[in-house]
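Asks: Letter by letter, the chains look like this.
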Amino acid sequence: MANLNVNIGNLQLKNPVMTASGTFGYGIEFADFVDLTQIGGIFVKGTTIEHREGNPYPRMAETPAGMLNAVGLQNKGADYFANNIYPNIKDIDTHMIVNVSGSTVETYVECAEKIAALDKIPAIELNISCPNVKHGGMAFGVTCAGAAEVVRAVRKVYPKTLIVKLSPNVTDVTEIARAVEAEGADAVSLINTLLGMAIDAEKRKPILSTVTGGLSGPCVKPIALRMVWQTYNAVKIPIIGLGGISNWKDAVEFMLAGSSAIQIGTYNFVDPAISVKTVEGINDYLDKHGFKSVTEIIGALEV
Amino acid sequence: MANLNVNIGNLQLKNPVMTASGTFGYGIEFADFVDLTQIGGIFVKGTTIEHREGNPYPRMAETPAGMLNAVGLQNKGADYFANNIYPNIKDIDTHMIVNVSGSTVETYVECAEKIAALDKIPAIELNISCPNVKHGGMAFGVTCAGAAEVVRAVRKVYPKTLIVKLSPNVTDVTEIARAVEAEGADAVSLINTLLGMAIDAEKRKPILSTVTGGLSGPCVKPIALRMVWQTYNAVKIPIIGLGGISNWKDAVEFMLAGSSAIQIGTYNFVDPAISVKTVEGINDYLDKHGFKSVTEIIGALEV
Amino acid sequence: MKKYLLDLKVADNVRLHPNYCLLKLTSEETLPEMIPGQFVEVRVDGSSSTFLRRPISVNYVDKDRNELWLLVQLIGDGTRRMAEYRQGDTMNVVLPLGNGFTIPDSDQEEKNLLLVGGGVGTAPMLFLGAVLKSKGFHPIFLLGGRTQNDVLQLDDFAKFGDVCITTEDGSLGEKGFVTNHSILNTKLFDTIYTCGPKPMMVAVAKYAAGKDISCEVSLENTMACGFGACLCCVENTVEGHVCVCTEGPVFNTRKLKWQI
Amino acid sequence: MKKYLLDLKVADNVRLHPNYCLLKLTSEETLPEMIPGQFVEVRVDGSSSTFLRRPISVNYVDKDRNELWLLVQLIGDGTRRMAEYRQGDTMNVVLPLGNGFTIPDSDQEEKNLLLVGGGVGTAPMLFLGAVLKSKGFHPIFLLGGRTQNDVLQLDDFAKFGDVCITTEDGSLGEKGFVTNHSILNTKLFDTIYTCGPKPMMVAVAKYAAGKDISCEVSLENTMACGFGACLCCVENTVEGHVCVCTEGPVFNTRKLKWQI
Ligand SMILES: Cc1cc2nc3c(=O)[nH]c(=O)nc-3n(C[C@H](O)[C@H](O)[C@H](O)COP(=O)(O)OP(=O)(O)OC[C@H]3O[C@@H](n4cnc5c(N)ncnc54)[C@H](O)[C@@H]3O)c2cc1C
Ligand SMILES: Cc1cc2nc3c(=O)[nH]c(=O)nc-3n(C[C@H](O)[C@H](O)[C@H](O)COP(=O)(O)OP(=O)(O)OC[C@H]3O[C@@H](n4cnc5c(N)ncnc54)[C@H](O)[C@@H]3O)c2cc1C
Ligand SMILES: Cc1cc2nc3c(=O)[nH]c(=O)nc-3n(C[C@H](O)[C@H](O)[C@H](O)COP(=O)(O)O)c2cc1C
Ligand SMILES: Cc1cc2nc3c(=O)[nH]c(=O)nc-3n(C[C@H](O)[C@H](O)[C@H](O)COP(=O)(O)O)c2cc1C
Ligand code: FES
Ligand code: FES
Chain A
1 MANLNVNIGN LQLKNPVMTA SGTFGYGIEF ADFVDLTQIG GIFVKGTTIE HREGNPYPRM
61 AETPAGMLNA VGLQNKGADY FANNIYPNIK DIDTHMIVNV SGSTVETYVE CAEKIAALDK
121 IPAIELNISC PNVKHGGMAF GVTCAGAAEV VRAVRKVYPK TLIVKLSPNV TDVTEIARAV
181 EAEGADAVSL INTLLGMAID AEKRKPILST VTGGLSGPCV KPIALRMVWQ TYNAVKIPII
241 GLGGISNWKD AVEFMLAGSS AIQIGTYNFV DPAISVKTVE GINDYLDKHG FKSVTEIIGA
301 LEV
Chain B
1 MANLNVNIGN LQLKNPVMTA SGTFGYGIEF ADFVDLTQIG GIFVKGTTIE HREGNPYPRM
61 AETPAGMLNA VGLQNKGADY FANNIYPNIK DIDTHMIVNV SGSTVETYVE CAEKIAALDK
121 IPAIELNISC PNVKHGGMAF GVTCAGAAEV VRAVRKVYPK TLIVKLSPNV TDVTEIARAV
181 EAEGADAVSL INTLLGMAID AEKRKPILST VTGGLSGPCV KPIALRMVWQ TYNAVKIPII
241 GLGGISNWKD AVEFMLAGSS AIQIGTYNFV DPAISVKTVE GINDYLDKHG FKSVTEIIGA
301 LEV
Chain C
1 MKKYLLDLKV ADNVRLHPNY CLLKLTSEET LPEMIPGQFV EVRVDGSSST FLRRPISVNY
61 VDKDRNELWL LVQLIGDGTR RMAEYRQGDT MNVVLPLGNG FTIPDSDQEE KNLLLVGGGV
121 GTAPMLFLGA VLKSKGFHPI FLLGGRTQND VLQLDDFAKF GDVCITTEDG SLGEKGFVTN
181 HSILNTKLFD TIYTCGPKPM MVAVAKYAAG KDISCEVSLE NTMACGFGAC LCCVENTVEG
241 HVCVCTEGPV FNTRKLKWQI
Chain D
1 MKKYLLDLKV ADNVRLHPNY CLLKLTSEET LPEMIPGQFV EVRVDGSSST FLRRPISVNY
61 VDKDRNELWL LVQLIGDGTR RMAEYRQGDT MNVVLPLGNG FTIPDSDQEE KNLLLVGGGV
121 GTAPMLFLGA VLKSKGFHPI FLLGGRTQND VLQLDDFAKF GDVCITTEDG SLGEKGFVTN
181 HSILNTKLFD TIYTCGPKPM MVAVAKYAAG KDISCEVSLE NTMACGFGAC LCCVENTVEG
241 HVCVCTEGPV FNTRKLKWQI
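Chains as they are written, first to last, in UniProt numbering: chain A, 1 to 303; chain B, 1 to 303; chain C, 1 to 260; chain D, 1 to 260.
Chain A with its partners taken away, still in its complex shape (with noise of 0.2 Å):
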């Protein structure tokens, strides 16, 4: 049994494997499949000041190897979850980080505010790369100026751990790493979803309401493992990597190429037991190899 602790900023976790917003409900969805307890982090949906109801239906295109959705955001606001979903949750041994999103720069502010008053929440992840909204979201992620820009305003109020989930839609990641890394972002967490889009040969129509969506699962994976391995040669603070991670090899790969942890995202709909059996594979992958501890393989790819 290796020592699984890793730590991002501040933020000490139990182990790597932590599950990505909007694709992990609020835990509890899971909670008959796993024992949350056994994850080292859960990335709550995404949450704005205002209740919104997101996208009209449909919202979700199956692709190769992954997935497309324009939910866009739907959620009752902070309000609504500091008051009737942060009591049912806040109890559950793992870390709750709630991911925030907003349509200006002031309601990412009054939004962060909100979260960082609710004591039992450790962490927030900005999300400046929500490709499925029509303000905000990726228009702020996709440039540094944006990006800086939301960052230096949140970091200003929230005194926590604040990972910032940066954008693939970008000709440059490092750059807008370096960006927000340079305001004060404790961790970046990459990779959001990629703009994609469905359309229905058929009926000549596009399958999302949206028109385009937002593309995550197995099929994006190769593209995310670049992007750590570009960003963790850029960038001094931590990394949680994300995208495509189906099992506890794609994890291994996304701690090798530099991440500090990883989420998992869409293959929680395949397989809702996959978080902790990824905690398991990483430690058997652990012992097999002789580390003793995770953090000696984090970024640890021999180039």
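Keep in mind the hints are simulated off the structure, nothing from the lab. Every residue, glycine too, gets a C-beta built ideally from N, C-alpha and C. Among these hints, one or two may not hold up.
What the hints assert, rightly or not - Examples of chain A residues lying across from chain C (beta carbon under 10 Å, computed):
| # | residue |
| --- | --- |
| 1 | Lys45 |
| 2 | Ala82 |
| 3 | Asn84 |
| 4 | Ile207 |
| 5 | Asn233 |
| 6 | Thr266 |
| 7 | Asp271 |
Said to hold, decoys possible - Okay, derived cross-link-like pairs now, DSS-like style, lysine-lysine, Cα gap no bigger than 25 Å in a straight line:
| # | chain 1 | residue 1 | chain 2 | residue 2 |
| --- | --- | --- | --- | --- |
| 8 | D | Lys24 | D | Lys9 |
| 9 | A | Lys205 | C | Lys257 |
| 10 | B | Lys277 | A | Lys205 |
| 11 | B | Lys114 | B | Lys156 |
| 12 | A | Lys205 | C | Lys198 |
| 13 | D | Lys3 | B | Lys277 |
| 14 | B | Lys277 | D | Lys24 |
| 15 | B | Lys288 | A | Lys203 |
| 16 | A | Lys203 | C | Lys198 |
| 17 | A | Lys205 | A | Lys90 |
| 18 | A | Lys203 | B | Lys114 |
| 19 | C | Lys2 | A | Lys90 |
Given the coordinates of chain A, work out where chains B, C and D with the ligands should sit on it, guided by the hints.
Replies: Chains B, C and D with the ligands only, in chain A's frame:
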């Protein structure tokens, strides 16, 4: 039997199905599997002015619903092509289009000039998007200025149909498309491969000798389709769509999204007869839906 | 209800029709409790184009044989692959999911209950009828198909109530759509349950609304997870966007914002 | 040689060993001509993680039965799925691919030919031995495996020549690696053919080079297409990067730039 003719600039194609550079050799490799004359056009291997050995082995990694390659433009140079290969392919009754690459603007121009002299080559595809070479390639394709510079220079010496192949590794593909349109490109083709990476977890090493490589195959289809649609709404010149096409339905989707013609790449490896099957499938689709000409479905997506 | 992630064994897989198969799944353990209208999420192995699980309604639960029945219409790669599962194969399923139909209290006065199924939408009606019958009701099934070959499991339905049939070509029962059936003019129903193609459900809902009959429909919105995690399956209701997989798939038509 | 894209029928699929299966493929038409050392590219249906075809050597061609044999080692999802193909299933293959081993002219004086195979590298040696024997040669097979269970098809090999064996645990034949076998000290060979794990082939090539024996190796570089279209399978040779699938998979070691 619908009319399958389409035009790309001055180039008249007997049908919109072509094969992608680097995946169909010089056509002759597939002559045992398909009747080459039934294909709308064949984009031959990436050609440079000088002989290139390409990257060291290993150059390939399989990924979920796709593959990474790092061939790195191995080819015997434009002179060898003109003297030794061109004579064998010039009389194949379809359009043989040369994919032209370089490491500097000058070498692009030189190569284009050499190919311009070959009577039976009616068009070139300017590859400003190869992610597998150290100099040139993608470096030109990811900025408007770089893309414009190459196209401007080549346009001066190349009078026939000039197709520019765009990189998907950019924040905004429409920006680049507009830049090359402004410099006189007759058409754009998209997408080239996405930059990706694969790791061998057991060996803790990258699988490719070059660490990163180009991702292609069905996994990239949703991204390619989105970029085609965005570009269709941004430029007036015709678009040749590709990226993950593996059957006639995919091909129809790309045309609905705005492609005047399409290319099939990686899937030729899986089914060497897919190109001609795709021609037949498009024809059946047109008949079934009562279209007299394939041009009716170009950009016919109802949004 | 507690959800399970189970490897079930294929006890039988009957090809009822070129386009339909009936999968009978069993387990060494007693199968979890399921209620009519609920569904399961099937992991399809061995289909390279099927990435997500496939939602399939509970067609029937045979408690004596500890069997879960799934009636599957072959429409794409995933369902076609399901038809290839052979006896003894393992099928991984998440179950039970969603909410069921409203079952009236059995000690109330007898009610006229109509169960309308079209195409593969007949699937949940069998189990619903069985449970209603076990509670002392006498459900009437109204089943529609294109031809006589498309109306399946008739022997099973007959065990639990009266069966009315329509076929589009008139080869069985009355000719036309379910909403053309004479029973709708001759009998007054207290509740209608329906599942099938959307146009059919809309027509049934319209009929029910016209006569002020309570009507429950089972929706088949496309799903990624099936248990409330992805928010992909939403239906627009009077309460806004709600997840069909957790708040449904059964909805009272009063709640829906369909144009009926 | 003309290449074909064929749907072959599985005549038999024998699990020779937990990690090996022997697929016998047949067709209604006469199978195309194939030569030892060539390979086929198999499309694996029903494995969601297998996207590209899988290159597999021609193990044997039984002309009388119109059968193509493939000896497959189960190492990943693709090969594991191949082991599940059942009699009557269809397997889509591209064939024949690559160049074969050099077969000496049969009217020359008798030659001492050694065929060295390790692990699944024994696969092409069977067909090579059969063809050599049919040309009047008496090949000697030198086959290596970890234990006696890992040396396969011994009865078949015995039909075509003398068989020498090494196993790492000494459970069959001489103990050690193929390059430790006594035959290498007692007999002088004119040509050595070899296929197996790279370290083994390097050791064999070294032995051959030391004695100035002509040596042909069959390489297994990873491939995307198998017929010269992708340029992924290159080997560094004295002529630069050449495609293993079209210029090989068999190479004379003189051509290779291995560190031997
Ligand atoms: C709650 C619920 C219960 C269901 N119960 C049953 C059942 O008991 N028996 C049964 O056979 N099917 C049932 N379905 C539908 C079933 O899930 C789909 O037919 C199946 O997912 C199709 O998978 P496939 O891989 O075969 O086809 P795909 O390749 O996924 O799809 C083929 C074509 O059908 C369309 N399609 C796929 N799913 C749906 C859908 N849900 N609605 C409309 N169009 C769709 C696709 O857009 C595509 O054009 C149910 C669906 C839901 C949501
Ligand atoms: C010309 C040629 C002839 C061959 N002949 C045979 C044969 O007769 N019988 C046979 O069993 N196999 C043969 N092989 C090897 C066979 O192609 C691979 O074992 C097979 O592709 C593995 O597929 P998979 O899906 O099972 O494993 P994958 O999931 O693709 O791979 C599993 C693991 O094995 C590694 N791997 C895969 N392919 C190779 C390879 N070619 N070399 C080294 N490592 C690899 C992968 O990197 C991975 O770590 C041959 C290969 C070539 C190129
Ligand atoms: C249905 C769905 C909803 C998502 N919602 C969010 C969200 O609210 N906030 C966010 O930052 N990312 C969201 N994502 C992106 C995932 O968190 C993750 O970044 C992405 O899916 C890539 O990882 P994967 O391939 O493992 O799924 C969502 C993804 C999916 C599939
Ligand atoms: C092995 C391989 C080699 C390639 N070589 C070239 C090349 O020389 N020039 C080029 O422009 N594109 C090259 N490409 C990219 C393809 O032409 C195509 O743009 C890409 O693969 C996406 O299409 P696909 O998904 O259908 O393969 C290559 C792709 C592969 C897989
Ligand atoms: S299908 Fe995921 S929430 Fe309903
Ligand atoms: S495998 Fe494609 S060229 Fe050899």
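Asks: All hints, please: hold or fail.
Replies: Here's how the hints hold up against the structure:
1. With a cut of 10 Å, the hint placing Lys45 of chain A at the interface with chain C holds, because the nearest CB-to-CB distance is about 8 Å.
2. Annotation: Ala82 of chain A was flagged as interfacial toward chain C, and the flag is violated, the nearest CB pair being 20 Å apart, outside 10 Å.
3. Here the hint on Asn84 of chain A is broken, as its CB sits about 15 Å from the closest CB of chain C, past 10 Å.
4. Hint on Ile207 of chain A holds. Least Cβ distance to chain C is approximately 9 Å, under the 10 Å limit.
5. Given the 10 Å rule on beta carbons, the hint for Asn233 of chain A is violated: about 32 Å separates it from the nearest Cβ of chain C.
6. Interface restraint check: Thr266 of chain A against chain C, minimum CB-CB distance 8 Å, threshold 10 Å, status holds.
7. Among the interface hints, the one on Asp271 of chain A holds; its C-beta lies about 8 Å from the nearest C-beta in chain C, closer than the 10 Å criterion.
8. Annotation: proposed proximity of Lys24 of chain D to Lys9 of chain D holds, straight-line Cα distance about 8 Å (limit 25 Å).
9. The straight-line distance between the Cα atoms of Lys205 of chain A and Lys257 of chain C is roughly 23 Å, inside the 25 Å bound, and the hint therefore holds.
10. Between Lys277 of chain B and Lys205 of chain A the alpha-carbon distance is near 24 Å, which keeps this suggested pair within the 25 Å criterion.
11. In summary, the hint linking Lys114 of chain B to Lys156 of chain B is supported, as the alpha carbons are separated by about 13 Å, within the 25 Å threshold.
12. A threshold of 25 Å between alpha carbons decides the hint, and for Lys205 of chain A with Lys198 of chain C the separation of about 18 Å falls inside it, so the pair holds.
13. A C-alpha spacing of about 18 Å is found between Lys3 of chain D and Lys277 of chain B, which places the hinted pair at or below 25 Å, so the restraint holds.
14. Simply put, Lys277 of chain B and Lys24 of chain D have alpha-carbon atoms about 29 Å apart, too far for the 25 Å limit, and the pair is violated.
15. Straight-line distance between C-alpha atoms of Lys288 of chain B and Lys203 of chain A comes to about 12 Å, which keeps the hinted pair within the 25 Å bound.
16. Between Lys203 of chain A and Lys198 of chain C, the direct Cα distance comes to roughly 16 Å. Compliance with the 25 Å bound is thereby established for this hinted pair.
17. Distance hint between Lys205 of chain A and Lys90 of chain A is unfulfilled; the C-alpha atoms sit about 43 Å from each other, more than 25 Å.
18. For the suggested pair Lys203 of chain A and Lys114 of chain B, the alpha carbons sit about 46 Å apart, so the restraint of at most 25 Å is broken.
19. Restraint check: the Cα-Cα separation between Lys2 of chain C and Lys90 of chain A comes to about 21 Å, which is no more than 25 Å; the hinted pair holds.
Consistency note: the structure conflicts with the earlier hints numbered 2, 3, 5, 14, 17 and 18.
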